[in-house]
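Enquirer: One letter stands for each residue in the lines below.
There are 4 protein chains.
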Amino acid sequence: MAITGVMRPGHVCIRVLEIEPAVRHYVDTIGLREVMRDTAADGSARVFLKAWDEADHHSVVLREADEAGMDYMGWKVDSEATLDKLSADVEASGLATDMGWIREGEHPMTGRRFRFTVPTGHVMELYAHRETPGCAVGYLNPDPWPDDMHGMGARRFDHCLLYGDDLAGTFKLFTEVLGFNLTEAVVAGPDEQMIGAFLSCATKAHDVAFIQQPVKNKLHHVSFLLDNWGEVLKAADIISKRRVSLDIGPTRHGITRGETVYFFDPSGNRNEVFAGGYTWYPDKPVIKWTAEELGTGIFYHDRKLNEKFLSVFT
Amino acid sequence: MAITGVMRPGHVCIRVLEIEPAVRHYVDTIGLREVMRDTAADGSARVFLKAWDEADHHSVVLREADEAGMDYMGWKVDSEATLDKLSADVEASGLATDMGWIREGEHPMTGRRFRFTVPTGHVMELYAHRETPGCAVGYLNPDPWPDDMHGMGARRFDHCLLYGDDLAGTFKLFTEVLGFNLTEAVVAGPDEQMIGAFLSCATKAHDVAFIQQPVKNKLHHVSFLLDNWGEVLKAADIISKRRVSLDIGPTRHGITRGETVYFFDPSGNRNEVFAGGYTWYPDKPVIKWTAEELGTGIFYHDRKLNEKFLSVFT
Amino acid sequence: MAITGVMRPGHVCIRVLEIEPAVRHYVDTIGLREVMRDTAADGSARVFLKAWDEADHHSVVLREADEAGMDYMGWKVDSEATLDKLSADVEASGLATDMGWIREGEHPMTGRRFRFTVPTGHVMELYAHRETPGCAVGYLNPDPWPDDMHGMGARRFDHCLLYGDDLAGTFKLFTEVLGFNLTEAVVAGPDEQMIGAFLSCATKAHDVAFIQQPVKNKLHHVSFLLDNWGEVLKAADIISKRRVSLDIGPTRHGITRGETVYFFDPSGNRNEVFAGGYTWYPDKPVIKWTAEELGTGIFYHDRKLNEKFLSVFT
Amino acid sequence: MAITGVMRPGHVCIRVLEIEPAVRHYVDTIGLREVMRDTAADGSARVFLKAWDEADHHSVVLREADEAGMDYMGWKVDSEATLDKLSADVEASGLATDMGWIREGEHPMTGRRFRFTVPTGHVMELYAHRETPGCAVGYLNPDPWPDDMHGMGARRFDHCLLYGDDLAGTFKLFTEVLGFNLTEAVVAGPDEQMIGAFLSCATKAHDVAFIQQPVKNKLHHVSFLLDNWGEVLKAADIISKRRVSLDIGPTRHGITRGETVYFFDPSGNRNEVFAGGYTWYPDKPVIKWTAEELGTGIFYHDRKLNEKFLSVFT
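Protein chains in written order, with UniProt numbering: chain A, 1 to 314; chain B, 1 to 314; chain C, 1 to 314; chain D, 1 to 314.
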């Protein structure tokens, strides 16, 4: 098997202030499908969602809470053996805190998850098993897209961009312990200190990214995949038609080349839908963005960061 | 490293009847860049080409010969150790013939290559090293595309579709020895015998595909990657503007979902440029196409195979 | 007013063999909206439809009949005075036959219509009044597209291509009496006889086209407007998803530059959805297509007429 | 002839501070072609340009001057008789000032022009003749686009948006004397006073637009036509690749539905390239935008005016 270890972002648990408006947003606007609901151990309501092109049972969990943000991000690994090995490696690394196992079934149709906190304060999980009821077009002579597309029609949960204060530590954990690769780096100062790291566990331009900021455990955005730039326009139109709060776009990122639009869910969590990019391979040289071109890297057309980009997160 | 073993198709060597018209086609029409020329050991002229988004020194080799077709397809593996292991595994498998090493430097800026013939008669190579002079936009604050795009502006050499008579043997070699995965299968008859296999070594919907046909070592098409459906239209327009021989398209494949156009180089080798598809993961269920829907699988809009698809190859 | 006389194709009445499958096709597949139903004077069922971006009450009429084809095509003129003048001009021209007035109200919310048969055998109508209940997004701070788009989401009834035997006579009537302009001409033979005429009454590349064929009163296709090439792909996908009979496409026309797909309604009438083209002005030189390039003119990528193009019509 | 009177915007004369950087911008960035150069009567350098899909000799004139802005906009009418009539009508209207004839040949290959100043202070011209050397693909079996496309590849000079203080007067002159139609109106206040007027002389959503502002004779932007939203992205990429000053976009206008990007030429004149929109007919209801939705009307995704939109003009 050519893809081993951590395969992909498998789920993200997002805290929302009110569950029903959040579900309407992620279903009617972004185009996810509600799979099931339950109540978390602490009594909070949870709703499990998936995108139409995902085989797994779910990929997005909305949890009602007093504060917006990200509870945790989960990574699917290739096998139980890998799960055992990587959890032991994380423990042995001395880089993670608050480590422990979540029992099988705490997420529906999902095996045990190893949970740990990385140096930037974000909670990550590894797991090897989730049932795959299948994507919306099935696997026998499938159509290229389903009949019941709605809203933006997002295809997959794709990645998160996260803000935190110990980028070096988190970078070390993801690359040296979990086997991620650096695809693009933002560097600053005469010694080219890394202030932004875009990390891939397979062949995408990024599966997760971290930006150095003097905060702990903050979510910049949760991102979903569209097919093309035409769908990005349609998504931006839907944002206006439904009076969703727009952040910026449609535009292109310099970093990853993605075609993108940013907006907010009703609780203030930033979402992205995007298309494009490139196929990354382990022998591709790392792309470097210098601080003076960071604006171009983030928003290729505007060539400057807007104030919200750095100051608004959950 | 999450991608291990065979990483991707690294080169294809195409036989052409006359070198200059072939170069004009692959450069001016498809949009590749000529990297260098040399003379092969047997005295035939060779031209090395690359696409604008590839880091490696070259990916396409044109060799002047009396008959069109494919000399061999090369696969880049992640390390010399993998190369040693996989070459030994191929030898031990008893599935390959005509095995041997090609010396370092026989391809420019490229290390030793292990060459072998698979049961369908196709010549494959494994190699671990090729220098990476870099892609056309570089790796420091790069633009999303280069200033000197031309022709169709193909981004990468992507895959080949090959015809041969012992699909079962080649399938066994690629999956059990080389670590490829079956993404989509065409099956026929009451026992659902596999007559078409789409194989991935990383996360693309296919890196190579084989169709069962009563021939040995035949090339159906060599395929190059475009960015989107708009570029497929532009490519089709260029085909007509330059009076290139069109095969079919623009259309969509059911298999892989790709948006595509097929055409021929001046020697009669079929080319494809395509966009779209999906990201494949090892836990994705295999897609199955039944023989009665094969037409839809190949050409999703026409829903039938044209005569050329099965009878024209090199 | 800069647009005077005949403004645009206002309606087409299509004969269908069974009304319900036809309605499902034009509504669910093409994306029109059913406006109302009635019974024609001869007892046949009629269904009135419109596209989402049309202000007028209706633009397509389906009439149940024993034979497929086009009953008539209607042209909206700028005023009752123009209607009086043009009807008198048609009568005086000696070029039309079977002339007469259809009473106000025979089409719902529509004034009197002047009906006549042109030399190629097609029945045409002129009318000045139809109520305009409005398009689907309204006229007060409108969104760019409506929430209830469905199927291909066609925007307008755009034009018809018609086959008939006296092209010269029909051409004379449309240009000299009705004020149409020739935008593109297909010519054949040493004396460049016109065998195809693309005619515009305003600024579109064509509002109606006639091809010289040894038949009377035949419909080649009824065409509807999409927004872009991405929507043409979506339309072609829908054709396959719904197992509609495809004719050809997606492709581009050389004539008019349109991006197109042809298919058939359940009664065998050919439909087109298309995008693109150019803005025509009266001082634009006429484009000429020679017979040897007619294939390229019709299907720009294939560069040849398929057999169906000339032999299948209703 | 169904299009009569004023047909279209035929030229715009733009003042630039330095001629060579301006030519590089309009040619290399926007994609126009330089046609010829001369010296105006006052000794200033002039460069005549055209877009690839225009038949006329030229459509854009750059004139070197001490201050940026628009010298005048020219309108092509259908005939010398119309030119005589409309010039007399303008004179008789009492709405224009500084009227007079510019001699034949003052613009190359162009007949006499009637020049006048409208109440908002803008200089307009009417003319009936300009030679038509033809567009870049010709008129005999033409390809859909030329081989020598470059930069953004703009197809046509499309329209201007102008700022001025007597909107009512200019509106009256354009609609009552010159035969333009109001397609979309921006209204403010309890009595719905018109503060923005989008005017069409044929079937485009606008050929010129005026916004009420307490200034005289100001240019907001000169606009050029692209084919689709994909070309808008390419244009925005080129803006960044060439370090052109971006204003806003890519985005959509609510007014006219256009897909757009705004940027500045080296002298500070705002340019637009855009695609999309709709076909306007004289019986289409006027679209009304209320002041509270003006932001959505101008920038559909942002839903608010940026400061530059109102304060930056030349």
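No wet-lab data here; the hints were simulated from the structure.
On a predicted model such as this, the values are computed, not experimentally measured, just so you know.
Heads up, the beta-carbon is just placed ideally off N, CA and C, and yes, glycines get one too.
Treat the hints with care, as some may be off.
Said to hold, decoys possible - The calculated lysine to any residue pairs, modelled on SDA-like cross-linking and capped at a C-alpha distance of 20 Å, are:
#1 A/Lys288 x B/Ala136
#2 B/Lys304 x C/Lys172
#3 B/Lys308 x C/Arg303
#4 B/Lys288 x B/Val215
#5 B/Lys304 x C/Glu192
#6 B/Lys304 x C/Asn306
#7 B/Lys308 x B/Leu246
#8 D/Lys241 x A/Asp302
#9 C/Lys288 x D/Gly134
#10 C/Lys308 x B/Pro119
#11 B/Lys218 x B/Pro119
#12 C/Lys241 x A/Leu246
#13 C/Lys172 x C/Glu192
#14 D/Lys304 x D/Glu293
#15 C/Lys304 x B/Leu246
#16 A/Lys308 x A/Lys85
#17 A/Lys308 x D/Asp66
#18 D/Lys304 x A/Glu67
#19 B/Lys304 x C/Arg243
#20 B/Lys241 x C/Asp237
#21 C/Lys85 x D/Pro282
#22 C/Lys288 x D/Pro133
#23 A/Lys304 x A/Ala188
#24 A/Lys304 x D/Arg242
#25 D/Lys218 x D/Arg242
#26 A/Lys85 x B/Pro282
#27 B/Lys241 x C/Arg303
#28 D/Lys288 x D/Val137
#29 D/Lys216 x D/Asp66
#30 B/Lys308 x B/Val215
#31 B/Lys304 x C/Leu246
#32 B/Lys288 x A/Trp52
Claimed, not checked - What follows is a set of in silico ranges between Cβ atoms, one per label pair, in the way DEER data are often shown:
#33 D/Met36 x C/Glu67: 41 to 51 Å
#34 B/Asp148 x A/Gly189: 44 to 54 Å
#35 C/Glu67 x A/Asp147: 30 to 40 Å
Enquirer: Holds or violated: are the alpha carbons of C/Lys288 and D/Pro133 at most 20 Å from each other?
Expert: holds (16 Å)
Enquirer: Taking 20 Å as the top limit, are the C-alpha atoms of B/Lys308 and B/Leu246 close enough?
Expert: Satisfied, since the Cα-Cα distance of roughly 11 Å is no more than 20 Å.
Enquirer: Checking one constraint from the list: CA of B/Lys304 to CA of C/Leu246, max 20 Å. Satisfied?
Expert: Distance ~11 Å between B/Lys304 and C/Leu246 Cα, so the pair holds.
Enquirer: Check the hint pairing C/Lys172 with C/Glu192 against an upper bound of 20 Å on the C-alpha distance.
Expert: holds (17 Å)
Enquirer: How does the Cβ-Cβ distance of B/Asp148 and A/Gly189 compare with 44 to 54 Å: does it lie in that range?
Expert: For B/Asp148 and A/Gly189 the Cβ distance comes to about 33 Å; the hint is violated.
Enquirer: Going straight from one Cα to the other, do A/Lys308 and D/Asp66 come out at no more than 20 Å?
Expert: Status violated; Cα separation ~39 Å.
Enquirer: Check the hint pairing D/Lys218 with D/Arg242 against an upper bound of 20 Å on the C-alpha distance.
Expert: With Cα atoms ~27 Å apart, D/Lys218 and D/Arg242 exceed 20 Å; violated.
Enquirer: Is C/Lys85 close enough to D/Pro282, meaning Cα to Cα at most 20 Å?
Expert: At roughly 19 Å apart (the allowed maximum being 20 Å), D/Pro282 and C/Lys85 satisfy the hint.
Enquirer: Quickly compare the C-alpha distance for B/Lys304 and C/Glu192 to 20 Å and report which way the hint goes.
Expert: violated (38 Å)
Enquirer: Sort out whether D/Asp66 lies within 20 Å of D/Lys216, counting only the CA atoms.
Expert: Roughly 18 Å separates the two Cα atoms, so the pair holds.
Enquirer: Taking only the CA atoms, is the gap from B/Lys304 to C/Arg243 under or equal to 20 Å?
Expert: holds (12 Å)
Enquirer: Does C/Lys288 pair with D/Gly134 here, judged by a C-alpha cut-off of 20 Å?
Expert: holds (14 Å)
Checked against the numbered hints listed earlier, the structure breaks hints 2, 4, 5, 10, 12, 16, 17, 18, 20, 25, 28, 33 and 34; every other hint is satisfied.
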